[in-house]
Amino acid sequence: EAGVAQSPRYKIIEKRQSVAFWCNPISGHATLYWYQQILGQGPKLLIQFQNNGVVDDSQLPKDRFSAERLKGVDSTLKIQPAKLEDSAVYLCASSPGTGHPGELFFGEGSRLTVL
Amino acid sequence: SQKIEQNSEALNIQEGKTATLTCNYTNYSPAYLQWYRQDPGRGPVFLLLIRENEKEKRKERLKVTFDTTLKQSLFHITASQPADSATYLCALLMDSNYQLIWGAGTKLIIKP
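Same order as they appear, the protein sequences are chains A and B.
Numbering of the first sequence is given in the numbering used here, commencing with residue 1147 and proceeding in unit increments.
Numbering of the second sequence is given in the numbering used here, commencing with residue 5 and proceeding in unit increments.
If you are wondering where the hints come from, they were derived from the structure by calculation, not from laboratory data.
Accuracy of the hints is not assured; some may be wrong.
Heads up, simulated DSBU-like pairs for lysine-lysine below, C-alpha to C-alpha not over 35 Å straight-line [as the list claims (entries may be wrong)]: (1) K1229(A) <-> K7(B); (2) K1224(A) <-> K111(B); (3) K21(B) <-> K75(B); (4) K75(B) <-> K1190(A); (5) K1157(A) <-> K1229(A); (6) K1229(A) <-> K1161(A); (7) K63(B) <-> K1190(A); (8) K115(B) <-> K1157(A); (9) K59(B) <-> K1190(A); (10) K1190(A) <-> K61(B); (11) K75(B) <-> K59(B); (12) K1229(A) <-> K111(B); (13) K61(B) <-> K111(B); (14) K1157(A) <-> K111(B).
Given the structure is predicted, the values throughout are model-derived calculations rather than measurements.
Make the full structure from the sequences, and use the hints.
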């Protein structure tokens, strides 16, 4: 079974530029998560989708971050404009159900460096 | 305020010994707690889940305990191996909103 796919793995941009990350969850998984993980910290939830609807985006900085999950499958996370403090690893995860998350399956992450 | 604490300092253990990692929380009433392993440059990988009404869970060389009175979970790796070296994250599921709250992780180093 294929795992969660993310791209790009690495991205370096200058502040005020924009960037987009893509995630393809495990086939059939209803719930998709985007997390931000800053070095030395645990993952912080940015947004959670259930199929193609948003369940929780309370910690998403909506003035600069946006995310969509069209057709309830793959998803993109965009940052525009980027700030220095956005330097982090952006992790995508999926889980099969729509209730309690249970086990989360993570991708390898997309490491963003903002200069 | 709500908080999850894991040892911020790396834990150095001799190969063959038992490694014990701690996850303490305050002001939460979690439905369950999960442990994940994260290697450098990789995403977290699920290891074990323990529910609030369970005291202990085992999987091969791994054992997790959950004490809701002490608000603490302990994660044990017996007969540790250098390949067990990684960062271990605990995550609590909030029953109120089904959201996972993550600790910062503890780096475990198993020395040959």
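For each hint, the structure was consulted:
With a C-alpha separation of about 27 Å, the suggested pairing of K1229(A) with K7(B) holds against the 35 Å cut-off. For the hint linking K1224(A) to K111(B), the alpha-carbon distance of about 31 Å falls within 35 Å, and the restraint holds. Between K21(B) and K75(B), the direct Cα distance comes to roughly 26 Å. Compliance with the 35 Å bound is thereby established for this hinted pair. A threshold of 35 Å between alpha carbons decides the hint, and for K75(B) with K1190(A) the separation of about 21 Å falls inside it, so the pair holds.
Simply put, K1157(A) and K1229(A) have alpha-carbon atoms about 14 Å apart, close enough for the 35 Å limit, and the pair holds. As the CA atoms of K1229(A) and K1161(A) are separated by approximately 5 Å, the hinted pair is consistent with the 35 Å bound. Taking the CA atoms of K63(B) and K1190(A), the gap is near 27 Å; set against the 35 Å cutoff, the hint holds. The hinted pair formed by K115(B) and K1157(A) meets the criterion: a straight-line CA distance of about 34 Å does not exceed 35 Å.
For the hint linking K59(B) to K1190(A), the alpha-carbon distance of about 27 Å falls within 35 Å, and the restraint holds. Pair hint K1190(A) plus K61(B) holds up; C-alpha atoms about 26 Å apart against a cutoff of 35 Å. The suggested pairing of K75(B) with K59(B) holds, with an alpha-carbon distance near 12 Å, which does not exceed 35 Å. This hinted pair checks out: K1229(A) and K111(B) have alpha carbons roughly 29 Å apart, not beyond 35 Å.
Among the hinted pairs, K61(B) with K111(B) is consistent with the structure: their alpha-carbon atoms are about 22 Å apart, no more than 35 Å. Between the alpha carbons of K1157(A) and K111(B) the distance comes to roughly 26 Å, so the proposed pair stays at or under 35 Å and holds.
Going down the numbered hints, you'll see the structure goes against none, and every one checks out.
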